[in-house]
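From first to last, the protein sequence lines stand for chains A and B.
The first sequence lines up with residues 1 to 301 when you count with the UniProt record's numbering.
The second sequence lines up with residues 1 to 416 when you count with the UniProt record's numbering.
Simulated from the structure, these hints should not be mistaken for lab results.
One or more hints might be untrue.
Beyond 10 Å from chain B on every Cβ pair, some chain A residues (computed) [claimed, not checked]: (1) E13; (2) E22; (3) P70; (4) H91; (5) L167; (6) T207; (7) E213; (8) E235.
Below 25 Å or equal to it, Euclidean Cα-Cα: the simulated DMTMM-like pairs (lysine to aspartate or glutamate) are [what the hints assert, rightly or not]: (9) K80(B) <-> E11(A); (10) K55(A) <-> D273(B); (11) K55(A) <-> D317(B).
In this text, a Cβ means the ideal position worked out from N, Cα and C, and glycines have one as well.
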Amino acid sequence: MSKHNLDYLDELEAEAIHILREVAGQFEKPALLFSGGKDSITLVRLAEKAFRPGKFPFPLVHIDTGHNFPETIQYRDEMVARLGEKLIVGHVQDSIDQGKAIEQKGKNASRNALQTVTLLDTIAHHQFDACIGGARRDEEKARAKERIFSVRDEFGQWDPKRQRPELWNIYNGKIHKGENVRVFPISNWTELDVWNYIRRENIALPTIYFAHERDCITRNGQLMAAAEFLNMDEEDVITRRNVRFRTVGDMTCTAAVESDAYLIDDIIDEISASKISERGARMDDKVSEAAMEDRKKGGYF
Amino acid sequence: MEILKFITAGSVDDGKSTLIGRLLYDTDAILADQLEALHRSNRKNDDGTIDLAILTDGLKAEREQGITIDVAYKYFQTEKRKFIIADAPGHIQYTRNMVTGASNSNLAIILIDARKGVVEQTNRHSFLVSLLALPQVVVCVNKMDMVDYDEATFNQIVGQYKVLASKLNLQNVTYIPVSALKGDNIVNQSANMTWYNGKNLLEHLETAEIPVDDSAAHARFPVQWVVRPQTEELHDYRGYAGRISSGNFKVNDKVTVLPSGFSSTITKIELLDKEFDEAVAGQSVTIHLQDEIDISRGDVLVNSSAKPEVSQLIEADLCWMDTRALDTSLTYLIQHNSKVTRCRIQEVLYKFNINTLDKVYEEEFKLNDIGRIIIKTADALAFDVYQNNKANGGAIIIDSRTNVTVGALMLRAAVE
Chain A
1 MSKHNLDYLD
11 ELEAEAIHIL
21 REVAGQFEKP
31 ALLFSGGKDS
41 ITLVRLAEKA
51 FRPGKFPFPL
61 VHIDTGHNFP
71 ETIQYRDEMV
81 ARLGEKLIVG
91 HVQDSIDQGK
101 AIEQKGKNAS
111 RNALQTVTLL
121 DTIAHHQFDA
131 CIGGARRDEE
141 KARAKERIFS
151 VRDEFGQWDP
161 KRQRPELWNI
171 YNGKIHKGEN
181 VRVFPISNWT
191 ELDVWNYIRR
201 ENIALPTIYF
211 AHERDCITRN
221 GQLMAAAEFL
231 NMDEEDVITR
241 RNVRFRTVGD
251 MTCTAAVESD
261 AYLIDDIIDE
271 ISASKISERG
281 ARMDDKVSEA
291 AMEDRKKGGY
301 F
Chain B
1 MEILKFITAG
11 SVDDGKSTLI
21 GRLLYDTDAI
31 LADQLEALHR
41 SNRKNDDGTI
51 DLAILTDGLK
61 AEREQGITID
71 VAYKYFQTEK
81 RKFIIADAPG
91 HIQYTRNMVT
101 GASNSNLAII
111 LIDARKGVVE
121 QTNRHSFLVS
131 LLALPQVVVC
141 VNKMDMVDYD
151 EATFNQIVGQ
161 YKVLASKLNL
171 QNVTYIPVSA
181 LKGDNIVNQS
191 ANMTWYNGKN
201 LLEHLETAEI
211 PVDDSAAHAR
221 FPVQWVVRPQ
231 TEELHDYRGY
241 AGRISSGNFK
251 VNDKVTVLPS
261 GFSSTITKIE
271 LLDKEFDEAV
281 AGQSVTIHLQ
291 DEIDISRGDV
301 LVNSSAKPEV
311 SQLIEADLCW
321 MDTRALDTSL
331 TYLIQHNSKV
341 TRCRIQEVLY
351 KFNINTLDKV
361 YEEEFKLNDI
371 GRIIIKTADA
381 LAFDVYQNNK
391 ANGGAIIIDS
401 RTNVTVGALM
411 LRAAVE
């Protein structure tokens, strides 16, 4: 009998599909959190593999800050139409209008932190018991500690000291009413794995991932897309640059990189040679040594 | 390219975090902004070099106390392989975290302090490696710089460990003298130990054999989800979705559904728009059968020519992972692959003293205790002996009051 070793992408894919099917089998009302970024786009492809020709056993849920790149929203709507699956949108603006969240002031104001309020409200409103997300352990040191099935209490909080042991490929999704589980099927993937998978599977992406000309300003040493949401003033000089985005958050906290990578192959070469981590371009991680850990404890994704 | 998953084990001050930091640092897996953060954090070794250990301690409480609390997963890659490190705490009170990390690993690195030799923690970790049936062990005798890179010291420790390894029946053990702090024999061959002619640690990890289950005799497919689109054009479509846990399945194979015992033949193996003649262990697929049989989540398809044990009364090794002691009067849940059923621990046969490796006859099962028990399940489990087939021989126990995973089971035999 020949030795069958799965290629590493096959192995990562099979593990993620297994996890998605465990969610379907173990929960009453799961949801797939979709941001329009490459990681959640990868999750959608994996869900197609896990459940087609059947329907997804969960809706897609987008927490919309209202400060998105227009390209991302266009991509989202086209994708949902192609899939024929249900999309639920939670609007941060609604949370602000209801007085549950207060818009930040000042030049570096961002709605990034407010997303948590809208997310928890959306989870409560729809009574989701599991939320599938595209977080990866290689992104950040607090995420390296995260289980694949991560239990959150009724306040959405993550308690790293009370994590369940996670053995073999057995995932314990038992929870009490009001709690929910965050599930991370691509925990074991790295940024480069995601890109290699997107290339192999020939998955379409929002255009902002590829090099394009754009009006930018420089803020705190980072290149930001010029947009009205950025509280720009006369100090902010707009210049036309050739850029692309390495992650897709909202426009107030996602920095661009100068790039000539027009094709996936170029991007993979660029990332392989880069000496800066993916989240090095996220303003939100730089607040403190434990910025991500603190946000996760508060219910952030 | 393949993935090797490994765990690192050692006592608190054996330099485990430094070893991992060194592996990541010397393979260029640390990026500029992470390195900058490392310099910013200002923790230094005695000789003024940066403290690589903080790379692995991701939580505030860990950095405050300078110890590792929970398993962290680290990723790096060389031209030959991708690696996933389960960085488990060495502390005695975190035995359950080591079991967690080890359950998914192909190889264990056990660190021994060259000044101290084999200590209690070495026994404990090696015992866990043996219990969880990790196929390969690398013993890194660390801090060789502190014993003047002395060959005799290394040989003496190798001799000590060989006694332990034979007692635990560890088959595949490699010994490497290293200094994680100075970088000797981790990624670069040491100039200080010319007497050592073996591979350095990274070379060993790059070439260690990754075990694959290629035995056709043990084909197992736990059903996770039944795909039934119930649309006009796919009215009769019924696919069984799951991941092959061991062996392989081919179209036309005769399979039996357990625990019901009905048999049928595979007509199609597919995934999205791909069809396969054969699918192997590790693959997630959807399987179609010739006959309409009642099959649901929790059932397992097996090759009809090699069936597993099917029983409601099973002898098993148990590692208890909860602060509440085991209560033999309580009903718990057991989860084995995709199957969940009620269970009771019918009898505690004995516990292991994991420092001396002796059997102890005690009823009480507390946090981090390991021993042999007999479990009774409400529905029959179709299982294999853990030592022969980990994927179908491991199970967890869940406390239905708290929903927490409280025990790890390695199933051993059906009780007549």
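Quick rundown of the hints versus the structure:
1. E13: violated (7 Å)
2. E22: violated (6 Å)
3. P70: Since the minimum Cβ distance to chain B is about 29 Å, P70(A) lies beyond 10 Å and the statement holds.
4. H91: Given that every Cβ of chain B is farther than 10 Å from that of H91(A), nearest at about 32 Å, it holds.
5. L167: Its Cβ does come within 10 Å of chain B, the nearest being 4 Å, so this is violated.
6. T207: T207(A) clear of chain B: closest Cβ-Cβ about 25 Å, beyond 10 Å.
7. E213: holds (27 Å)
8. E235: holds (26 Å)
9. K80(B) <-> E11(A): The hint holds at about 16 Å.
10. K55(A) <-> D273(B): Status holds; Cα separation ~15 Å.
11. K55(A) <-> D317(B): Distance ~41 Å between K55(A) and D317(B) Cα, so the pair is violated.
Violated hints, in rising order: 1, 2, 5 and 11; the structure is consistent with all others.
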